[in-house]
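K.L.:
Using the sequences provided together with the hints, build the complete structure.
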Amino acid sequence: MGYQLSSLTSLTNLDVSNNNLGPDIPYQLPQNLQKLNLGWNNFSGSIPYSISQMSLLISLNMSHNQLQNQVNDMFWKLSSLAMLDISFNFLSGALPQSFSNLTSLNAMFLQNNQFSGTIDVLANLPLQNLNVENNHFTGWVPERLKNINIQEGGNSWSFGFAPPPPPGTPPANQNYRYHKAGNSYSPLGSDAAGGGSNGSGIGGGAIAGILISVLVVGAILAYLLVKRTSKRPSTDVEKQKHGNLPIVSPASNEVQDALAEMKLVHTSSSFDAKELESPALINLKPPPIDRHKSFDDNDTSKIPVVKKTNVTAPLSVKSYSIADLQMATGSFNVENLLDEGSLGRVYRAQFNDGKVLVVKKIDSAAFRRELLEDFTEIVANISQLHHPNVTELMGYCSEHSLHLLIYEFHKNGSLHDFLHISDEYSKPLTWNSRVKIALGTARALEYLHEVCSPSVVHRNIKSANILLDAEMNPHLSDCGLASFITNLDQALDQQTGSGYSAPEVTMSGQYTLKSDVYSFGVVMLELLSGRKPFDSSRPRAEQSLVRWATPQLHDIDALTKMVDPALKGLYPVKSLSRFADVVALCVQPEPEFRPPMSEVVEALVRLVQRSNMSRRTFGSDHGSSFRTDDLDACKTS
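Just so it is clear: in the sequence shown, position 32 is 32 by UniProt numbering, and no numbers are missing.
In short, the hints are calculated from the structure, not lab data.
Where is the CB? At the ideal position from N, CA and C, for every residue including glycine.
Keep in mind that the hints are not guaranteed to be accurate.
[Unchecked claim] So the derived label-pair ranges between C-beta atoms look like this: (1) Pro-596 / Val-16: 27 to 33 Å; (2) Lys-561 / Ala-470: 29 to 35 Å; (3) Ser-79 / Ser-156: 27 to 33 Å; (4) Glu-592 / Ser-544: 20 to 26 Å; (5) Gln-510 / Ser-544: 47 to 53 Å; (6) Ile-148 / Gln-66: 26 to 32 Å; (7) Phe-351 / Asn-129: 40 to 46 Å; (8) Arg-606 / Ser-104: 31 to 37 Å; (9) Gly-22 / Ala-470: 17 to 23 Å; (10) Asp-469 / Ile-148: 41 to 47 Å; (11) Pro-596 / Ala-541: 41 to 47 Å; (12) Pro-126 / Glu-599: 37 to 43 Å.
P.N.:
Okay, here's the thing in structure tokens:
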């Protein structure tokens, strides 16, 4: 199954189940599919994020494969999906929040995976069939799900009474338990359902419970009122009599605590607490939360400043202590220093369990002060970015006025090091490796620009921010950070001098999606020529890579002369020419003439196809670009 599938725009039903297909699900699938069955194959890796764009999907089956990793938050647009089966895989982590947007989902099969956390995100779905057996789920099964066909064994559920739902949660079973009234069906507890003598859902015991509850609440309120009045100074009372102070009700916190205690009593009692819910309480909904916080340049000044509230970081990232990070980095020893940039220093961290991660120690002067006060808000936003070619945020630390981000570690370092720092430990990048790196980085930008909503402008695309793993797959780092930087103009000035900035950024400081495209074109030029974007050691006419290379991109003789000598002529000339064509489009001086990243991805995919660089050829050619000291580790990993 290759890239050609994406061109099948009229295809609505694709069933390739019960074959021996693998190892990875194709990156691009037909976007207009309504039914997709990939079950009973040998697919491994992650679920491709391109599924997030298949808004017409009604049925999706990926069961009985070897899919791994956490399921990314890719289901926001799949509101038409009625059946989802990802059972019998090795999927792990918490269920994505975007599951809550599957408003048409009737059947879901998650059994025999390694999911963890709660299943609360499924509580409001119109499910009739749900199988979550043999996972690592914890917590309580939501009340609404107990009235459907659910299979829940083989998990670590909590026992006893579940805690009360948060304020604003609709009453349980409102949409799923129906009471017949005449010829129609209406929700239990509505007027239509309770019109007759048999429709009253309140018995004698319930009435007695209500009366007792009212008396208890009344007594508590009276006690609090007397207590507060007795404690208030007489001068305040006199001022209230004369109108100098507003007459206030009893302390709201104490009343709220009393009401919370009463609600807990109701929940644990024998009668149905749902029937005692006040309509006023039911309609108290918290303000809406924008799950897709904008990182766009136009919204930088509009990022809300959260008051001093406790923002909980998402479950997918771990909270580390300063002591843990000091031990892992040797007290941030210079020997573990990997890089230093406008955001702060980056260290290699090795933990006691053998895991190696990267710690970015944020320079407090780089971020806006009010955002650092709510650092977990930044963490929550960045942690929503999930893509195979985007460096994954693994954790964070916020202690003693220090703020650190912890990312996954990639053995082969940065693309900049591979291209511009030659030593006895590295071998030159092959042509196929360079095309692979360009395509992977383009896909990362396509995800940020066209899949994330709102779009994420990176603003700092450069070869030093493209990290290479053991298989030479690229991972774009520092995604989602630029909008939080307070000295962004200074950072852009530094990038302007490095040769990556688009002309409009240099002229006016305006940074857009198309500015990212330009910077990506400069990275492609680095891959093609092996030269730095700006090199003051070269003759003046050759110091700026874009100015020197652009006039030669369409001259095949000149093009072959400017190719990186490290390639030693080992490249297909037609592939080189098509690669240069993409570069020329990306580095257009006028931003309106630069293509969107989705078109860049398509052009690079066509380049791969036309050059007959199949997966088999790709695999055989990439092996020569490893760092030799990591070769043994790569073989065993």
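K.L.:
Is 37 to 43 Å right for how far apart the beta carbons of Pro-126 and Glu-599 are?
P.N.:
38 Å, holds
K.L.:
Could you tell me whether the CB distance from Lys-561 to Ala-470 stays inside 29 to 35 Å?
P.N.:
34 Å, holds
K.L.:
State, for the Cβ atoms of Pro-596 and Ala-541, whether the hinted interval 41 to 47 Å holds or is violated.
P.N.:
32 Å, violated
K.L.:
Verify the CB-CB distance for Ser-79 and Ser-156 against the hinted window 27 to 33 Å.
P.N.:
31 Å, holds
K.L.:
Okay, Arg-606 versus Ser-104 on CB: inside 31 to 37 Å?
P.N.:
35 Å, holds
K.L.:
Using the beta carbons of Gly-22 and Ala-470, state whether their distance is inside 17 to 23 Å or not.
P.N.:
Given a distance of about 20 Å, which is inside 17 to 23 Å, the answer is holds.
K.L.:
With 47 to 53 Å as the target window, see if Gln-510 and Ser-544 comply at their CB atoms.
P.N.:
21 Å, violated
K.L.:
Does the hinted range 40 to 46 Å hold for Phe-351 and Asn-129 at CB?
P.N.:
42 Å, holds
K.L.:
Does the hinted range 26 to 32 Å hold for Ile-148 and Gln-66 at CB?
P.N.:
Check passed, 29 Å falls within 26 to 32 Å.
K.L.:
May I ask you to test the hint 41 to 47 Å on the CB atoms belonging to Asp-469 and Ile-148?
P.N.:
42 Å, holds
K.L.:
Falls inside 20 to 26 Å, the C-beta gap from Glu-592 to Ser-544?
P.N.:
22 Å, holds
K.L.:
Please test the hint of 27 to 33 Å on the beta carbon pair from Pro-596 and Val-16.
P.N.:
30 Å, holds
In the structure shown, a violation is registered for the earlier hints numbered 5 and 11, in ascending order.
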